[in-house]
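Trainee: Residue 10 in this note's numbering sits at position 10 of the sequence shown, with consecutive numbering throughout.
Simulated from the structure, these hints should not be mistaken for lab results.
Given the structure is predicted, the values throughout are model-derived calculations rather than measurements.
The beta-carbon is built from N, C-alpha and C at its ideal position, and this holds for glycine as well.
Possibly wrong hints are sitting among the right ones.
Unchecked claim - Label-pair restraints from in silico Cβ distances: (1) 203 / 130: 45 to 53 angstroms; (2) 36 / 238: 13 to 21 angstroms; (3) 108 / 278: 36 to 44 angstroms; (4) 200 / 150: 39 to 47 angstroms; (5) 194 / 73: 47 to 55 angstroms.
Unchecked claim - Capping the alpha-carbon separation at 30 angstroms, the derived lysine-lysine pairs in DSS-like fashion look like this: (6) 108 / 228; (7) 85 / 63; (8) 190 / 75; (9) 75 / 277; (10) 242 / 228; (11) 277 / 108; (12) 75 / 278; (13) 110 / 228; (14) 75 / 108; (15) 108 / 278; (16) 66 / 88; (17) 242 / 75; (18) 278 / 228; (19) 277 / 242.
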Amino acid sequence: MKKKSTSKSRKRKTSRKTGEPLGHGDHWQALGFEGDDLIRLLEEIAQAASQVENLNPPWPGAKMEKLVQMELPWKEISLSLLLGKPPKEESLHILSAFPILSRTSAWKLKIDGVSDSYGPFEGVVDATADTGHPLQWFDPHFARNAAAWRAGGTVDVNLAGLALSMRRFDAEPYILHEGPRVEELRARLKAEGRHQEAADPQLSVTYVTETLRTIFSSFHDHHEFVGKVLRVAQTGLGSMVKGWRVELECRHDDHGTGRSLPVYVFPPALEAGYLPKKGDLVSGLLWLQGSYPCHV
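Working from the sequences, and respecting the hints, build out all of it.
Mentor: Following this line, the structure appears as structure tokens:
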């Protein structure tokens, strides 16, 4: 079976202005793979993948006679390829590649819809938490689950995050000078007619642990986070990459007392010199993944 050795992350880059499909380049970079290293990894996945699934394209316009998902499972993270066979061609082409996070936490959420932010072969799910704030996540098995997500309803979604950046801050209050929380405040001030305050370039949000929710939608399935580390465990991709699984405390306004979100973090995402520890207060940006269980 012949395959192109070019990943989606190299072919299609994230564009917030033109509406082009998102890619997974920043997700692979968070694991430490890019350029030739990423190409070699994709070739290894294609040769060693032990799970193969034939699928139907989830969106109109996905002009492939065949869609295949291959997975190379590790202990806590699997590596996945989406391949397609174009009409009148014999070989499968790599359409996309991404890591899959296997250690998750169940959150009960109301499903609002789906979007094709990653193009015609993948999907992002839109939902609303009990408190009314939005969450969006990438489903690594969207082609399999698209019909179930489109049915809506309230679902126990299995969530996990991959840290794209993480830093520690020493004490509260923590001042946010940029990001979606600041932009939300700016929009609220404008709506209230407080235009001078809204236009202030020094506008900031003062964060205290008990007053703001842990994760805050930034762009599609990327979320800003500010919170406390409950637990830390070492993880990785065999001998290739070493990292950590951080249990991030999620307070009542996220999803009930005692809930947490597993967040995988690797050296490229960490602030220089920082290693995550229990009890740390951390902030950063994460990529949210969600998998479909059963309706409740």
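Trainee: Each of the hints needs a verdict: does it hold here or not?
Mentor: Do the hints match the structure? See the list:
1. 203 / 130: 45 to 53 angstroms: violated, 29 angstroms
2. 36 / 238: 13 to 21 angstroms: holds, 19 angstroms
3. 108 / 278: 36 to 44 angstroms: Given a distance of about 27 angstroms, which is not inside 36 to 44 angstroms, the answer is violated.
4. 200 / 150: 39 to 47 angstroms: holds, 42 angstroms
5. 194 / 73: 47 to 55 angstroms: Given about 53 angstroms between the Cβ atoms, the range holds.
6. 108 / 228: holds, 22 angstroms
7. 85 / 63: Distance ~9 angstroms between residue 85 and residue 63 Cα, so the pair holds.
8. 190 / 75: violated, 49 angstroms
9. 75 / 277: holds, 22 angstroms
10. 242 / 228: OK: residue 242 and residue 228 at ~22 angstroms, within 30 angstroms.
11. 277 / 108: Holds: residue 277 and residue 108 sit about 28 angstroms apart, inside 30 angstroms.
12. 75 / 278: holds, 22 angstroms
13. 110 / 228: holds, 26 angstroms
14. 75 / 108: holds, 26 angstroms
15. 108 / 278: holds, 26 angstroms
16. 66 / 88: holds, 11 angstroms
17. 242 / 75: holds, 12 angstroms
18. 278 / 228: holds, 8 angstroms
19. 277 / 242: Holds, at about 15 angstroms.
Checked against the numbered hints given earlier, the structure breaks hints 1, 3 and 8 and satisfies all the rest.
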